[in-house]
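Novice: Input sequences plus hints: build the corresponding full structure.
There are 2 protein chains.
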Amino acid sequence: MKEFQLKTTARTYSILKIAARYSLSALMLLFFQGHCQERKPSLEKPNVIIIFADDLGYGDLSSYGHPTIRTTNLDQMAAEGQKWTNFYVGASVCTPSRAALLTGRLPIRSGMASSMNRVLFPDSHNGLPQSELTLAEQMKKGGYATAAIGKWHLGHKAEYLPTSHGFDSYYGIPYSNDMDNITPFRSAGGYFSFWKSEERKDINTFNVPLMRDTEIIERPAEQHTITKRYTEEAIKFINEKKEEPFFLYFAHNLPHVPLFASKDFEGTSPRGIYGDVVEEIDHSVGQILDELKKTGLDKNTIVVFTSDNGPWLIMNEEGGSAGLLRSGKGSTWEGGMREPCIFWAPGRIEPGIVTDLGSTLDLFTTFSKIAGVDIPNDRIVDGVDLAPVLFNNKTSTRKDMFYYRGDKLYAVRVGDYKAHFLTQEPYSGPEVEEHKTPLLYNLSIDPSEKYDISEANPEIMAKMMKVVKDHNEKMVKGPDMLKDRG
Amino acid sequence: MKEFQLKTTARTYSILKIAARYSLSALMLLFFQGHCQERKPSLEKPNVIIIFADDLGYGDLSSYGHPTIRTTNLDQMAAEGQKWTNFYVGASVCTPSRAALLTGRLPIRSGMASSMNRVLFPDSHNGLPQSELTLAEQMKKGGYATAAIGKWHLGHKAEYLPTSHGFDSYYGIPYSNDMDNITPFRSAGGYFSFWKSEERKDINTFNVPLMRDTEIIERPAEQHTITKRYTEEAIKFINEKKEEPFFLYFAHNLPHVPLFASKDFEGTSPRGIYGDVVEEIDHSVGQILDELKKTGLDKNTIVVFTSDNGPWLIMNEEGGSAGLLRSGKGSTWEGGMREPCIFWAPGRIEPGIVTDLGSTLDLFTTFSKIAGVDIPNDRIVDGVDLAPVLFNNKTSTRKDMFYYRGDKLYAVRVGDYKAHFLTQEPYSGPEVEEHKTPLLYNLSIDPSEKYDISEANPEIMAKMMKVVKDHNEKMVKGPDMLKDRG
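Those protein sequences? They're chains A and B, same order as listed. For the first sequence, position 484 (counting from the first letter as 1) is numbered 485 according to the working numbering, and the numbering increases by one without interruption. For the second sequence, position 383 (counting from the first letter as 1) is numbered 384 according to the working numbering, and the numbering increases by one without interruption.
Bear in mind the hints are in silico, worked out from the structure with no lab data behind them. Incorrect hints may have been included.
You can't tell identical chains apart in this list, so a pair holds if it fits in one copy or across any two.
Mimicking DSS-like on lysine-lysine, the simulated pairs with C-alpha atoms at most 27 Å apart in a straight line are [claimed, not checked]:
| id | residue 1 | residue 2 |
| --- | --- | --- |
| 1 | Lys197 | Lys437 |
| 2 | Lys437 | Lys470 |
| 3 | Lys264 | Lys295 |
| 4 | Lys451 | Lys197 |
| 5 | Lys475 | Lys370 |
| 6 | Lys395 | Lys264 |
| 7 | Lys202 | Lys451 |
| 8 | Lys370 | Lys400 |
| 9 | Lys142 | Lys242 |
Nothing here was measured: the structure is a model prediction, and the numbers come from that model.
Specialist: And the structure:
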C-alpha cells in the first residue's frame, strides 16, 4: 500500500534551487504585483492563518518521522514551505501555551502561569486579562477581519472569550474536549484510570459545549464531526472575507483525548484512532490550502501549522509521539515544548528546512509587523520578527528560549545549549529535582538530551547564567489568573 | 539559516497526482522505449545501485525526522522515489546483515550467525561460504557488469572477498573501519572506554587496509577521504559501464565509528562530527544521482539507499539515532533492525511513502528477477519480490520478519504484530531475558514498543506461534563460519 507523497522533478528542483540561491526577491515581487491587480486595498497585507493542533507531538507527522501516520497534506505543505525543526511553544500545557501565542509574551507575564493550576478549568473564575493585547487586536488595528475557530482555553466567560479579545467571531469548544463532567472520572477511580474504560468513546461523557461567539449552541458537542465542522467554518470565513485581509486563528480540539474521528476517517489509519484523528486534521489542512489555491488567495496568504504542546504520553496508545525528543506534554524536556512547525506561502516564503530557533511567541511580532501595526512599548514582548528568515534567507534573531513550568523557570536554551535548573516528570506529582549544577545539553548534537556535558563546560554555563540573571531581573509576573476556581 | 529542501509547485503535484492515481504504466512504457533507442542489448535490464550506510539509524535523515542532520539529497531522493517506513535488515550487526542482503537468506542459514562471535574480525578464519549464491553472481548470470565498493565484512581472505563472490572488481576496506589494531583499546582499559580518548581521531590508530580486488593498496586507509574516494570510484564505474547493464554494491564504511570527514565537511554540521559524516554521505548520494541524470542513465537505473543496522547507541554523541524506535544496533528491538530505505528510479518507481513490510532480504529476489535470472530452488531463499510495490502500486507480499540475534530467534513480526521471546540490551553482556508469555506489540499503533498487549490477545499470539513453529521446523542452520579465530 502506498501513500501519495510530495514529489518533484529534477527540473523543478533545479529551477527552485537557483531561485533559492539568488534570493526569491524577484519572484516575490512578481507575486506581489500579480496580487495588486486582484485586490486593491490591502496590497501589502497578506492574509494570515494559524492552524494550531492540540497535543500533537514532534514525531507525529510523516515528514517529522512517523512511520505509520500518513500526513500527505502537511508533508506537501512542508515541502512547498519551511519546515522548522527547532520551534518552541511558550509552555508545555494548553492554557499558557495559547496565551503565549496570542500575546507574544511568556505566560508568566500575563498571569496565565500559576503555581496552583496548570490550566483553566470549567470552574475557573478568570481568563486572559483584558489588559493583555492579543494578536487579533493587533490585526484588527491593521484593518484585518478576524475569526477564532476551535479550542480557546483562555477563559470561557463572556469577558474572556475570543470576541472580547479582538476576534470578530468565535465558533468552537471553549476549553479542552475532555473537561466538562467529572462524574465518570470519579467513578473510574480517577482521571487516568478512566481512560481505560469504554465511556471514553462516548461524547456524552464529556458534555463539552460548542459555542458561537458567546452563546452555547450545542451540548454535548458532537465531537465525531468537530474537525469537519471547524474546517467548513474556516472555509466559509475565507470565502466571506476574501475581499479584505483576514486573520484566522484555527485551533483544533484534537488530537487531545478523547479521540473522535468522522466516519470517513474512523478505522482507516494503521496508527489506530490517534492516526485517524491526525489524518483527519491533515485532510483539513489540505482542504484549507486547496481552497486558497482555488480562490487564488494562495498568492496572498501565509499559513502556519503547529501544535500547542508535546504528546500526552500518559495516554499510552491514545497519546502521540515526540519522536527522538525526550518526554512530552507537561514537561520542560524538549518533547514537551518543541513542536512541528510549517510556514507556507508559495512564492513568498522560501522553501527549506529551518534549523534556527523560533517560537509561537514570535507570531505576535511577525504578523503585527506584516499588518503594519506597531509592537506595544508599554510592556515586555518576548517575540522576535521571523520575517527575515521567512522571506529573506536570513538567520533568526531568536537566540534563547525560556522553559517555564507553572510560574517557575525550569530550563533555558541559549544557542545550541540548554541548561536545566529543575526537572520533573510530566505527571508524577510534586517530585521536583533541583540541580545545583544545572544539567547541560548541546541540543544540536544531542537533541534527545541524553548526555549531560555540564562538568566539562563551566564557561558555557556561566554565560547562560548571565542570560538567566538578566531575564530574572527584568521579570514582572502578572497576577495569577489560574488559581481561583469553584 | 535555511537548508535547501526538496520542493515542488502545486502544478507538478497535480500532474504527478494524476499520474500516480491512474498508474504510471504509460509513462514507464515511454521511458522504456526511450531507453531502447539508447542502449540496445539490455533494454529490459535497468542498472541497479545499492547504497548501504553503516550504523546509520532510523532517525538520522531529515526526512525521517532528524532536526539537525541535513540530508538534502536523500530527502530529494525520497520525494522523487519511495520512502519505506517498515523496512528491515536481516540482522542487527554488520556481518550477518550484509550476508542477508547479498544472499537473500537469513544469516543463520549461511552460517553467518553464530552463538560465539557476532561478526567477523581481522583474525577470523572464514567468511561467506562459496556454496552461497550472491546477488552479484545472479546479476552476472543476467549479463550485468558488477562491482563492490566500500565495506565488505564477509571475509577478508582472497577466497571470501567480493571478487570470489560474483563481483568483477572490489575497492574498499574489507571490514569495519575500527578493526585492525587492538593495542589502543587495551591501553585505554577496554574498547568502550577507548572512545573517549583523543586517539580515536587518528587514522593510524585503526590501521585498516584499503584493498583493490585482493591486494592491499594502502594501510592505514586514509579515512578522512574514504567517502570521497569511494564516490569517485563509483562514478568512474558508472561511466565505464554505461553501455552495458551494471550492478553496483556501494557500501560506505561510515557513519560507523571512528568518524572521519573530508575537509569540505568537517566541522560543518550542527549535529557535530556524526552530522558531518552523514552529510558527506548524503552529498555522495547526490553526486551519484547527478551523474545518472547527466548521463541519461537515470531513466534506466534503480537506486536503493539503506543501512546495515541501527545506531550504535553506546557511542553516545558519536552514535546515531533510531528516532522514535526502541534501542539500536545489536538489539532485536525495532531500533536495531528497522532502517531508512529509499527506492529511486524516476519514471519507473511510483513516488510515495510505503508502510508495507520490506527487507534487504528481498533485494536478492527483486533484482534477480529484474535481471531475468531464476531464483535458486535448491535452498530456502527468504526474500520476496518487491517489484509489485515498486512499479505497480501493489501490496507487499512480505508479511513477516524474523529477528535473530546470533543463532537464536529472539522475536518475530507477523503483519502489524511483533512477539519477543527473548530480549537483551544490545551490549550489556549475557543477560538474556526469556519471556514465557512473549511480549506482544502492535507496531503500527505502537512503533516504540512501549505497550505490551500480550495479555489481552492470546489468539493473535497463537497465530504467530504457528508461523514460528513452521519456520523452526523448516530451519536448516549452516555450519558456523564466525566461530574460528586467532
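Novice: Decide, hint by hint, whether the structure agrees.
Specialist: Hint by hint, here is what the structure shows:
1. Lys197 x Lys437: Classified as between; 26 Å across copies, 40 Å inside a copy.
2. Lys437 x Lys470: within (16 Å within a copy, 56 Å between copies)
3. Lys264 x Lys295: within (26 Å within a copy, 49 Å between copies)
4. Lys451 x Lys197: between (32 Å within a copy, 16 Å between copies)
5. Lys475 x Lys370: within (25 Å within a copy, 70 Å between copies)
6. Lys395 x Lys264: Cα proximity of lysine 395 and lysine 264: across copies only (26 Å, versus 45 Å in one copy).
7. Lys202 x Lys451: Between copies only: 23 Å across chains, 37 Å inside a chain, cut-off 27 Å.
8. Lys370 x Lys400: Answer is within; shortest intra-copy Cα gap is 20 Å, inter-copy 55 Å.
9. Lys142 x Lys242: Intra 16 Å, inter 67 Å, cutoff 27 Å: intra-copy only.
Checked against the numbered hints given earlier, the structure satisfies every one of them.
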